[in-house]
Every structure is written in C-alpha cells, then in structure tokens.
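Student: We have chain A already, so just place chain B on it with the hints.
Residue numbers (my numbering), protein chains in the order written: chain A, 2 to 971; chain B, 63 to 278.
Among the hints, a few may not be true.
Unchecked claim - Computed list of chain B residues with no C-beta within reach of chain A, every gap over 10 angstroms:
1. Thr-68
2. Gly-83
3. Ala-139
4. Gln-155
5. Leu-172
6. Gln-174
7. Val-194
8. Cys-229
9. Ala-242
To be verified - Just so you have them, the derived chain A footprint on chain B, three or more residues with Cβ under 8 angstroms:
10. 94-103
11. 142-151
Don't read these hints as lab results, they were simulated from the structure.
Please read these numbers as outputs of a predicted model, since none were measured by experiment.
From the three backbone atoms N, C-alpha and C, an ideal C-beta is built for every residue, glycine too.
Each chain is listed here by its residues.
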Amino acid sequence: MRKGAPFDLDAVRTHLATEEGARLWRSLEELSDAPEVRRYIEAEFPDIVQAASIDRRTLLRLMSASLALGGLAACNGSEAGKNAPLLSQSRNMPGYTPGVPLTVATSMPLNGYGRGVLVRTQEGRPIKVEGNPLHPASLGATDVFAQAEILSLYDPDRSDTPLQNGAPRSWEELTNFIRPVRNELVVGEGRGLHILMPPTSSPTLHRLMAQARQLFPFAQWHLFSPVDDDNRRIAATAVFGRDLDFVYDLTQADIIVTLGGDLFAEEPGHLRYAADYQTRRRMQDRPLPGLYAVEARLSLVGARADQRIPLRPRDFEDFVQVLAAALGVGSAPSSAPHPSVSKLADELRRAGARSIVVAGREQPARVHALVHAINARLGAFGTTIRAIDPVRPVSADTGTLVDLAEAIESGGVSRLVVLGGNPVYTAPADIDLASLVRRVPLSLHLGQHRDETAVVCQWHIPELHPLESWGDLRAFDGTVGLRQPVAMPLKPGLSQEEFLGLLAGQGPDGRALVQATWHEAWGEGFEERWARSLEGGVIEGSASPLVALTDRFDVAAELEARTNSAGIDVVFAPDPSVWDGSYANNGWLQELPKPLTKLVWGNAALIAPETAAIFGLSSGDAIDLTVEGRAIRAPVWILPGHAPGAVTLTLGYGRQRAGRIGNGIGFDAYAVRPSRQPWIASGEIRKPGERIPLISTQQHHSLQGRDIVRVVAPGQSAVGESPEHSSLYPEWPYEGHAWGMAIDLDACIGCNACVIACQAENNIAVVGPEEVAKGREMHWLRVDRYHAGDPANPGTYFQPVPCMHCEKAPCEVVCPVNATVHSSEGLNDMVYNRCIGTRTCSNNCPYKVRRFNFLDYQGTDYTASPDAMNPQVTVRDRGVMEKCTYCVQRIGAARADARVEDRPLRDGEVTTACQQSCPTQAIVFGDVNDPGSAVSRLKQSPRNYALLGNLNTKPRTTYLARVEPSRENG
Amino acid sequence: MAQLFTPAATTLFRVAIVLMGLGAVSAGVLAYGWARSGSTWNVGKPAAQPIPFRHDLHSGSLGIDCRYCHSTVERAADAGMPSAQTCMSCHSQVWVGASVLDPVRSSFILGQPIQWASVHRLPDHAYFHHAVHVTKGVGCETCHGRVDQTPKTVKTQTMSMGWCLDCHRNPVPHLRPREAVFAMGYEPHGRDLPEDVRTFYQEASRRLTSCNTCHR
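One chain only, chain B, in its complex shape:
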C-alpha cells in the first residue's frame, strides 16, 4: 500500500499547527483589545436626543453651575435631571420662540416628562450613588469628562467595572478637594488632599472593592 502522506505533509501539518496557535493567540488579543476599546463601550458616540441640548454652551460659555440643573447630585443617588420648569426659568425669557425648545414648552404645559436618551446608563445590577462620590471628592469631570467643552453629551470613559475598580482600588490620585469637585480642567488630582483623608482611603480599599459596595 502506498504511503498515505507525502514527506511534505509533515511540514504542512507543522505549519498548520503554528498558524492555528497564532490564530488563537491573535483572536485572544483582538478580543482583549475589543472588550477594552472605547468604541465597544460607546465612548464618544452621541445619542439621538429630543432636544439638541449643548453642555458646552450652558456649562462652558454661560458658566451655569452643574448643580443648577442636576440639583440632587449632592444628596441623592441620582444626580437629577432638570424639570421643564427649571429650563423655563430661563427659556421663558430667552429663545422664546425657538422650535428646538418645543418639547420643553409642551412638557411644561402638558405635564408630560421629557424623555432623554441616557448616555451614561449603568447596568441594572450596579448601584451607583452620586452624592457619596461628589461629597467625597470625585469630580464631575473624573467620570463625565470636559462637559464644558462637549457640544453633544457623550461618554468619555468606558464605565466598565474594570474602570470603576481602577479608582476604587486606590482613590487618592483621583480625588479633589471639596471646592474643586465641580470645577472643569482641574489638574493636580489627589495632591491637595489632607493627610487624614489620604490615609483613610488607603485603608478603605478593601471595603471599596467588596462586591456589595456596588452590587446587591
């Protein structure tokens, strides 16, 4: 009986094994890169909104404080969305006839809520508390980026669990003094903190990384 495999078959088989191995490794590398890339987490992708609201205008140019609209950010889990009444406190004076503001006016008159597309929505099993973060020195900018320069609201961070843990494992470099929490473009993270706060967070990292800190 003739040989089933030619001498070249061995070489071919070896090459195939190497290629398959390389393929598996590169698939892994690609998957790793894909899972961590910003686009997978919709970073930088704006959502279709009912009103072309511009943070860069309101927060940046006009200098309105974050808390004027997101009024419960210092005391509740939700930062709070401005009511149509809050919008109308200015827009009953300016841009009175603008058609882009029709949804605000109809909401105000008809009593129906405005439905915004959420850009930063976390999964249901993650319980995030704005007030705790804000009152303990996590700046708005740390998670939401330079809102004062963004025309359309977009994610600037992945908001993945790994990203949360980056900070929860060692919060100090990301914290700001209380007066700088709402500031934009604040640079020297963590350095201006008092010493007792720094030691507190160094000890608290075990508590901050317990599962039940964010999941219930």
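Pulled out of the complex, with its shape left as it was, chain A reads as follows:
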C-alpha cells in the first residue's frame, strides 16, 4: 500500500473478482499490487541495493583495507589449551557425565496454570525446553512462551539485589528491616496487611496462604491478573451455584463451536486442545469434525475453522441467545437473527452430546451462562465436557484489585505486599495504582524485574525464575506437576513459595515447603512417590475428579445485560508474543512474527478492512482511541477477517521499565482499559493524520509460483501434475539413511512453537527491529500465512517453510567456494568456514530459506547469554550464510548413540526441534529410505506434494495438502 493512501476495499474486491480460482494472498497490499510488494518478490533483500551505493574508488579502498585487516585478524595469538582448559571435577557425580546433557522434568506457569516441560541442561545450564509427553497439558509439545523461558532465565535485566526506595540493599539489611515489621504484624494479627498476588493453581502456595491466614487473620488477600477469568467465574457461580472449571475432550467432539477467545492459543489447555482436535481429525473411522468459530478478531482457532463467522462483540449476546432459543433453551430476542444461526443449530442438534460450545474469557457472563445451558441441553456435560473444581480456587473472602484500591483510598492499608506480577503496569486505567501504592506507609514487591511496580514500592525483592526454584502447579485438568530447579539461581532471590513460607513462619527452604505439602497429602510411602513424581514431572492420578452438576440454567436473564453505548467496540486480548507484558523483555518473542499479522517488535490496533475503508485508514496510520475519556495513540493494522465496528488491542506493550529490550516498544493498551469492562468496552476513533511505522514480515521471503498451499477434499489427491522431469545432474546414491521431512498443512495451526524451538536449538540470533524492517530476520524456519478469498472473511492457511534439502539443490551448484554441499544422507550441508558471503546461493534458492548474517548479530544487546547457547551447534559469525540443517546435531547424536550401542538407528529416534515442539504433530522427520518409517508412510499419502515441484528441485521436505470438506462442492 502506498504510504498513507487509504485502504480501498472496493478496488481489492474488484481485483479479486477478476482472478481465476482461489488465489492465495499474503497481504492486502499484495491484492492492490503495491510496488512495495513487487520489490519483495523480485529481490530477497530489496534494501541491499540502496545500502550499496558506493563509488568505484571507495569500493577499491574498502577491498584493500579488508584484505589487510583480514590478514591481521588471522594472527590469532591465543592458545586454545589455556582458553579452554580440561577440567577434573572434584568428586565423581553419579548420573552425570561431563559433556552429556541432562534432562529434568518440571512445570512452567502461564497465567497460574502449569504446563509440563522437560528442560535440557548442559553442565548445569538450561539450554532448551521441550514438552513433557507424560503431562496432560503438554503431551510432549510446547508453546512459544515455554520455549522462550530460557531467554527470560538468562535475562541480564533481571534484578539481583533488594532495593529500598531504589537504592541497593544487602539481604542482611532487608532481613533486619523485615523482621520487626513481621513481628509487629504477628502481634497485630495482620491488621492493615494487604497482600496482592496473581491467581495460582499451586497447592503449596494455597497451603502457605491458608497458614498465613491463620497467623494473620485480619490480613486481606487480593488476587489480580490482567488476563482474568472473572466472567467465567460469575457465570459458573450463577448457573451451578459454585465456581467450576471445564475441561473439553475434543477427541470425542463432532461439532465444536467457539465464541470468541482462542481455544488453540489462550486457554490453559490450549496445547492439549490443539493436539486433541488433530487426533480427532486423524480418526479414519469417523467423518471429519466440524469446527465453527464465531469471533471478532481472527484467531488461530478461527484460521483453522471450517466456517468462521466474524461478529461484532456487542452482537454476541443476541447471537448466543438466538442459538440457544433454536436449540430450545430460553426465548429469542426480537432482533433479526444472524443468517448462520439456524445452520449452526442444525449441526449442533445433529451432533447432540458429541458437540462442544466454548466461549472465550472476554465474553460477558451472560454469554457463558447461555453456553452452559446450550451444552446441557445438548448433553455435552459428561461426554465432551468435564466439570471439575476450579484449578485456581478463590476463597470467598478474597478481594480484587478494585477492593485494594478502595482500601488504600480509605486509608485502611498500612502494609502492602505485592507478591509477583506487575500490577502497576497491568492495572486497568481507572485505577491509578502507582500513586495509590505510594500512599501506603510500607509497600514491598517481589518480582523478577525492577519493573513499573518495583519502582513505586518502597522495597523490592528479587524473585527467582521458575526454572530456579521449587514449587508445584496444576494443569488445566487439575493434574499436578512438580516444579524443580534445573539450575542454581543465577541471581540471588526468593520464590513466591519461599516468601510466603517466611511470612507464615515455615522457613525459606522451597524444597521443604513443597515436600511438606505432599507429605501431608500422601502420608505413608512419601519418599518413593516423591521421587517418582519428580522424575516423571507429573503426580500420577492427580487430575481433578468429575463434579456432579446441579444447575439452574434459566439464570442468564438475571445476569447483568450489556449496555451498548455508541461508538466502536474495543476488545482487549493477550498478545501472542508477550502475553500480558511479562515477556516484553524477551528478544525471541519480540522478534517472533505474530501468527496472523506477522507483526514484530510492536503491537497495533487491529481493525477490519471495512472499518478501514470507512475511516479512510491504511495499515500504519495512527488513530486516537478514546475509551471512557482516556485516550491513546496507536497505529492501526488492517486484519482481514476482523469483525467490522470493532478494534482489538493486544496487551503487554508500551512498557517503560521492562528492560533493555522491551522498553518503549508499541503502545500500552492498559492505558485505556476500564476496570468495569476489562475485556469489551466502547470507544471513539479519531484520525490525527500521523503515521506510526509498523514492522511486519508478511511480505518477506515471498514465493512466486502456483499452488504453494494446496487444499483438497477428503480422500482427494493433491497432485494434479508433476511429471518426472529429467535432470542434467546425476542422481545421488544413498546406501544408508536418506533424511526427509513431511509437513502436514492440515495439522498446522500456525502457533509458531516450531519457530522459537528452532531458534533456541540452533542458536539463532535476534537482529532487532531496524534489521527486521530490512528483511534480515534470521529465523531458519518461518511460518508463511496466506489468505484466500474476500478480505472481509478470508480463508487462512499456514505453511511452515524450513530448508527443503533439495535433491537437485539450486544453491549447491552456484556456490563458488563449495560452501554448500550435498551430504551422503541427502542433507544440504552449509559449511560456515568456507562461506565467503557472496549470497549467490540465497539468490538461487526458490524457497528463500537461506539467511545471511549482514552484521555481527551475535554481538548485540539482543544476543542471548553465551550460557543459553546450545554447544552442539556452531554460533555463526558475520558475513556467513546459514539455514536449516535438519537439526544435524540431533542426527549426529542419535547416530553416535546407535553406533556405540552397535545397533541400527530406529525410526523416530531423530526428532528435529520443530517436530518436537509441535502440538499437532504436523512435522514428521525420518529416513525416507526406510519404507516403514513414519515419514515414508506420510509421503505415500495422496495428499503429499512438493512445494514449487515444477522447478524439479526434488525437495526432501514435502507438504501434505490441507483437507477442506467444502471443496467437494466446488
């Protein structure tokens, strides 16, 4: 789109109408044939041409200087023996072999829920997070946040000393200060003490909280999380008379209807739900399940859905009410029903008990109550939905953040403890927590960073990272996973458990505190069970039991109805990269292209193409958004498929005290978030006529060709053409293994876990916003997002693209120094030491999967700590080409193990990092020379096709076409 030219929806639609067939498009700019887009298709690095405007003499000078300096650089006087000594350990350590990585099972928190992980450590340094196959919330997969915790652990901005009013204090000084305060509180039975913490599922924390309550009966506890489930709690309490959590079994479902939210990205069981949905799709004996997504903004579940219904947030209540009435629950409102409702109702009625209706956490309580009624009418409770006791229980006398603000206002708070979280930043806009906290005579903050909350509290205590401390966490279904430290604390600190232990007089030993909880629960046989639970990472049989439901479903009418005011609907959502802002200082996540917008290093106000056309906006235009009298300026991003009349703001950006990476990026959506309607509010848009640059990678590495993503009807073949072309190059002989990969586009949900997993495994550099804007991101694996059809509600397809490891690789034949060569097992090897950086290979790669180190990216502020690097992978330097290696280090390790044990490599023994992290098992890797291997069987599928196969590159990575039943009709 020409800079500043308003978006013209009609022109795009006319353009689409002239196209034949279903054309795939990456961006609206592409549809309007903007010159910007052509640049990216024609050249891989369009900005390089501008960068190289050097005259002949300067070029000669530079060349001679680099030759001379290059010679100097070769004079390396260091002695390898001294720089890298051989170490004799002091003692023999059973179970530990120097140089051999150790894997430890633990649990990672996200929004208070646990996901089981296995952490690989090298010499006591955690270097990689994998999913724990035994854990119900993981099943061996991870999400982007779990993967990126490695970088957060080594974050140089983590706080390391206690602070009093910003001045560093020793731990002794802290203790000397705290002890009399605590004694005084014990005497006063906690009068005036208020404790604010995020909701948690940890049994140990709940035990310690209960003990602290006994010691301080007058203390008031407040729970606050910016990503709260309050509406769900209100609805469950109204309908069932008690708070409940619901666990969905997608393997049993024939019809799934989601109303807002994102079942595959934002729910506590999102990894499991994505896996289960795919398991259900793979069941050969049952017809494909139907997935319907009613939503305001395009989400991962919406992108995967068979039918997507974009709906303005304020229309959800009517929609659900009509749907419920069509199914015989309650009465329909007078307004005209949505045209899709009757079809949806028919589908649900046909599936009966084998259906699930889920509402997102942002939906009002009335929607949730109606959804419960629909599910009950369909008989879904007990078959596809399990009701369990809340995993993060909230006792009745617990206050909220609003209560805390009122208490401070009335002067009733003399001692405030902020236990984790960053409420000063995440608090809604109408609660000025910063000035309120300053009014408290004594405030204390426990947190990992000197963040917005730390600076307003009198005392700040460094908190340990979850990978450094003991604890326990419940998963979405109640299963308990123990959290054990995988590294000695890199910086001194306390965990929440240890702090509460001290407060409750239980001592500061995290391990003893967690053991005490389970000793109490298990009694006899504790030692053996503890050891087994630590090893597996899961406490067996700890999933919450089913709760018998006593309902009164007609309560929806009693719940407060939404009052619709004029203006545009403003929806708040956790960010796919930084969640609620707690990951803002993580370079991996900041540089991770968001699944649908492909935005990096920032956020945007997401609007529909229709809305953009009405307001005359284009992506990157600033808007002034006013909600309840408070205004922010934000850039807009036109998101195809977004509901008109609404704007989505993702949380977590615009931070002032995140650290060296996260400061001042994007805009702060909390600044307009009202506490009364924290999820869906109303606002006004004004156009100040300014532009705020946004960085999106959606055009980077554009492919040119037909049938990039193929879609077939069930049982249909993906290959129409691709006759065997003859080649001038000789065939490669493969006596042993021949590695190959198959990527199932029907399974890929675009969650990006593979991208981060690859980055962590292969020491991939973070390049920073300026470099990404030039198209120089280093990700070896990218996930391309394509749309098809009308921008108002397009189809969405994801395609992960690693190196194809072509049999007839175009890169190999053009390298002047033989730096990229074919291995005996068919890998396209990249020899870094030979590479002189001509970039000819990249120029000749039709898939644009080669990445070049234009600058010394491993020597910047964005660089991960050397301790976080995988020692099995070379760290590449400036001027060197790099690309996906099929995780050759993992192949090498598995082969060495097999050779040492004198046995052949087994299928499945080599898993690539991307494959391992994938929740839906969309990526399968193995030996294509072995006809029985999983990858060979997939490649036999009629859905198998080669990307740009007509080029006769014979790629080893092939794709399995996506399956869409609607294709049968046309």
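Tutor: The following block gives chain B in isolation, referenced to the frame of chain A:
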C-alpha cells in the same frame, strides 16, 4: 634523446623476472611445508600443567588401564578427565605428602575443579566423539601416540583436518580389533579385522567424508 635503458637492462630484467618467479614458488613451497610441519600444530610441545602428571609412569610402568581415569571414553563424546576423587583413590595411600599433589588434595577438599591445559583441543567447529571411534576400533595410540612412553603429554599428530581425512577416507588400515583398542604398540593395523567390517568401511567412506560428519 639518449637511450633510457642500457643493453644490460634487458638481461637484468629477465633475471629479475626469473628470481621473482623462483621467489614466489619457494614462498609457496615454504608455506606448504610450514602449514604441514608438526611444529606449526604444536606437535611435541608440552603445555604447562598444574601438576607434573606422568603418563609413562601411570600407564606405562604401573599399567593402569586408560579407562580407569578416562572413564567415559567408551560411552560419551568426551573421554572424561579423572576427578580428584579418582586420583585420591590411590594418592590417599601413596605420595601422601608430596607437594606436587597439593592441587589434587585442595581440589578434593575445596570442591574446586583442577584446570589442566588441553593439549589436544580441537577447534570449536569440529565435533569429535570419542566413544564412536573407540568402539569402532580406533586405538588410543592412533591419535595420542605411545602415551605409555611419554613423560609429558604432547601431541604426536597434527590433528589437522587433512590428518583426520587421511583416516576417514580409508579407515581400514588404521583400525584394530576391539580388544586391541587400548593396547600400546599394537602393530598389524587393519589386518585382523573381519571381512564384513572391512567391506562396511570401504562403502562408508562417502558418509565419513560428508561435512556434517564432523561439522554442524
């Protein structure tokens, strides 16, 4: 105008051209020889070590098996360095008061590792796996020489990439039967191998010389 060059200038110029040519060739020959000479690769040069440990004494005279100290050589990439505890299993009985063993005792007591200077350190981009070599018949001696006769640990091979490839291209003449891997002074390389092993390695040379066998 007088002639700028005398008749002798032509001869001089010819001689100069020949000399320059000879110079360039001999510089090339010298560089070739230098890059391949043992001293360039520190062959035979001992490093300063914290303890004057003698392999000839321990391995040669006392006949301690290599694996007593380098205990992970048969199962891991690193051969493994003995812990101070391993040293102390003997040295709590013999040479109890020797001052040269102070670093061992202090390591054992204080829990600090002993830092040896590595003599055989490969560059970071070369990934070597001891166990694979040892279990497939590459003797210790093949790379490390007659350790049982060396007082101070030194390199006996260049450990250059060319030297690695000499073997990877055709391993059979350098391989030993499994029972002779830890032997010193074993002569008839390759001849005692069973026939199937010999054919395996003849076919495997393409795999063994793929870049990703050693580099990642």
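Student: Give me the numbers of the hints this structure contradicts, sorted from smallest to largest.
Tutor: 3, 5, 6, 7, 10
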